[in-house]
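Engineer: Okay, here's what each chain looks like letter by letter:
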Amino acid sequence: MSERILSVLVEDKPGVLARVASTISRRGFNINSLAVGPTNIQGRSKMTIVTELESVEQVKKQLNKLINVIKIVELDPENTIESEVLLLKVSINKDTQTSVIEKASLSGAKSVDVGSDYAVFEMTGASKDLDKLENLLKPFGIIEMIRGGRIAIQTKL
Amino acid sequence: MSEEKLSGAELVVRSLEYMNISTIFGLPGGAILPAYDPLYDSPIRHILARHEQGSGHMAEGYAQATGELGVVIATSGPGATNLITPLTNALMDSTPLLAITGQVASEAIGNDAFQEAYTVGLTMAATKHNYLITNAEEIPQILLEARHIATTGRPGPVLVDIPKDILNQKVEWIEPKLIDLPGYKPTLEPNPKMINQAADLIKKAEKPILYVGGGIIHSKANEELFELATKFQIPVVTTLMGRGAFPDGNELCFEMPGMHGNYTATTSIQKSDLLIAIGVRFDDRVTANPKFFAQNAKVIHADIDPAEIGKIREPEVPIVGDAKSVITGLIERLEGSDLKTTDWINELNQMKKDYPLSYIQEEKGPLKVPFVLEELQKLSDEDAIVVSGVGQHQMWISQHWNFTQPNTWLNSGGLGTMGYSLPAAIGAQAAYPDRQILALDGDGCFQMTCQELITASTENIPIKIVVFNNGNHGMVRQWQKIFYKNRFSASELTHHTPDYVALAESMGATGLRMIEKSDVKKVFEKMLEINDKPVLVECIVDPEDMVFPMVPAGGSNDVVILNEDDLKKL
Ligand SMILES: Cc1ncc(C[n+]2csc(CCOP(=O)(O)OP(=O)(O)O)c2C)c(N)n1
Ligand SMILES: [Mg+2]
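In order, the protein sequences belong to chains A and B.
Take the first sequence: its letters are residues 10 to 166, numbered as in our numbering.
Take the second sequence: its letters are residues 289 to 858, numbered as in our numbering.
Chain A with its partners taken away, still in its complex shape (with noise of 0.2 Å):
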């Protein structure tokens, strides 16, 4: 099933996103990213909710029954740049130190802290190029993952 992307702008008041959360989890919609952040206006926050639903239509009526919600838009896949960053932990040794590395700057990573026994990444890009890193980077033995969230904004005016 497809994605769709929901970029909701949000007045920057407390338990904003509690209320938003609420909504989501009160109604039973299943979604499988939820990104939120302060936006270029004082006072606004903007959230970005991946889900499959193959209707967003409840999702979008509900969540702006809040009074805190000030609009919704879905954002069309075609004009959408998205993001996410990512942080990763490997364990590395001796013999896999170089080739970890070399397959993690190949694919776009950035390596922030390397240790005797271990090595941080940071890499920000779209979800599935994180997928791909995650991927190559499993069978040396990821010790500890996190990603931020996708966020996602429309390339045209």
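By construction, these hints were calculated from the structure, which means they are not laboratory data.
Errors might be hidden in some of the hints.
[What the hints assert, rightly or not] Here are the simulated DSS-like pairs of lysine-lysine, each with C-alpha atoms no more than 27 Å apart in a straight line: (1) Lys586/B / Lys652/B; (2) Lys805/B / Lys22/A; (3) Lys69/A / Lys586/B.
[Claimed, not checked] FRET-style restraints, in silico, Cβ to Cβ: (4) Gly117/A / Gln583/B: 53 to 61 Å; (5) Ile40/A / Lys856/B: 41 to 49 Å; (6) Arg775/B / Ile40/A: 37 to 45 Å; (7) Asp853/B / Arg36/A: 37 to 45 Å; (8) Lys856/B / Pro86/A: 53 to 61 Å; (9) Glu87/A / Lys473/B: 29 to 37 Å; (10) Glu604/B / Thr164/A: 56 to 64 Å; (11) Glu83/A / Ile770/B: 54 to 62 Å; (12) Gly842/B / Gly117/A: 48 to 56 Å.
Ideal Cβ placement from N, Cα and C applies to all residues, glycine included.
Got chain A sorted already, so can you dock chain B with the ligands onto it with the hints?
Structural biologist: The following block gives chain B with the ligands in isolation, referenced to the frame of chain A:
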């Protein structure tokens, strides 16, 4: 005056006065105590309930009877948690409510302080919106915003939580600004294109039905609805929340459809080719299994809440807007058209004759609720307000009482809250001291909030209570008969029954009792004469009686169970 400093508590009371609130309901406690001090000198009438659930239902009854904001005030912790039922009830039935709760002091929040509850979190899904105030200066503005949110668009409950230190903080009164909420702009005026499309469908319909509910009452659109239905000869069915939106007794009124609706109302929808749904939400108690609901009909769905449209049934014509504007638009657009609905109306009237609501009251047999109701209605005022509990008696009232005016039928429709009747009746009587307020309750429901009888006596609120004593959670018993092989697990109330008459007398009310048919008229006459204090009538009724018609939950509205014999169809 602008130099004068006021406490947050004084700001709360002054804001309520500023909003012309005349009556509030509540119960004090530590965290809200600062607000009760200025209230002592205020012209606002405070009605002291005996339980916060009661105070919440009182505020609901007040709001539902008047169509205006109801206000309730409670302390932190248990005071606030006791409000969750009435808040949820108000959310389900779209009742405009403002709840003000005290909270522990700001610096104690989060520390499990004495009587601390996370009120904003607990009530997030029980309110239309809620606030935690962090600075006393915000109090007037936020209370005005709260009223605005509660009373506009689709009405609902709003809670404002105020920490004790904020109630004690001294600040200046800041004149509230014009309310501008960027994320809250309800659509009142419908899109004319949609009105045109709807009118075109209506003109072509042969079997249209106006399926209307609480939205008509909230929007005060009953006169417009009357014009639309009568001018263009469109039959009307009114949901449980919409009883009184269109007058019973009118030849176009087919009353309530659904689980315990009458056969004709339920069937009219099944046979209809066009449902004109206004201010309704396709509740499961109306639709049964929505897959089988109105399968032959196109649907026009108008509601002020866009989220209701397409939630259960995708309409051919969606209309977002206030019922009054929608109906006015439809009348304008239909002007001059001549709908050919005579055959359809005749068909429905024939059906009504063939499948009447019926009951048998034997001369010497136990009293039947429908009989008692019809006798009571004969004796009571046209504008009497009827307030029900939840269960069999509620369904019988909706079926057998003739509602001719909006806001004369108060009940808990969406949440089905037992215990609603008595306190809600107190709220309605507080709004209308001179009208007949009839709390028609079940014995099970009554026992949930009967302590509020004291509130009624103390406050000289002369409500008239009828407790239909069938010695059972009758509706539960009915389901156990039908679906659980007569295994009456925990539905009997007879092992120890209160002496209702003595209970009433002990709480400062007059207690009366009726047992036989010959009692009914004289006891009700006596009840209706008492206007200086509350009066309770215990009405002993048949424990074996069942409510019909019935469409079992999840069934199809094509299969209406008409009586006990018909249960074999299941
Ligand atoms: C607070 C609450 N608890 C439980 C129920 C489930 N329930 C629905 S009707 C009913 C019985 C009501 O009994 P009574 O008030 O005597 O009315 P009757 O059906 O006998 O007329 C019960 C327990 C409910 N609706 N509300
Ligand atoms: Mg009962």
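Engineer: All hints are to be evaluated individually against the structure, with a verdict given for each.
Structural biologist: Here is what the structure says about each hint:
1. Between Lys586/B and Lys652/B, the direct Cα distance comes to roughly 50 Å. Violation of the 27 Å bound is thereby established for this hinted pair.
2. Our distance criterion of 27 Å between C-alpha atoms is broken by Lys805/B and Lys22/A, whose separation comes to about 62 Å.
3. Taking the CA atoms of Lys69/A and Lys586/B, the gap is about 25 Å. The hint holds against a cut of 27 Å.
4. The hinted window of 53 to 61 Å between Gly117/A and Gln583/B holds, with their beta carbons roughly 55 Å apart.
5. Ile40/A and Lys856/B have their C-beta atoms about 47 Å apart, which keeps the hinted 41 to 49 Å range intact.
6. A hinted range of 37 to 45 Å holds for the C-beta pair Arg775/B and Ile40/A, which are about 43 Å apart.
7. Look at Asp853/B against Arg36/A: about 42 Å separates their beta carbons, and that is inside 37 to 45 Å.
8. Checked against the hint of 53 to 61 Å, the C-beta distance between Lys856/B and Pro86/A comes to roughly 56 Å, which is consistent with it.
9. Between Glu87/A and Lys473/B the beta carbons are some 30 Å apart, a value that agrees with the proposed interval 29 to 37 Å.
10. For Glu604/B and Thr164/A, the Cβ-Cβ distance of about 36 Å falls outside the hinted range of 56 to 64 Å, so the restraint is violated.
11. For Glu83/A and Ile770/B, the Cβ-Cβ distance of about 46 Å falls outside the hinted range of 54 to 62 Å, so the restraint is violated.
12. Here the CB-CB span from Gly842/B to Gly117/A is close to 53 Å, well matched to the stated 48 to 56 Å.
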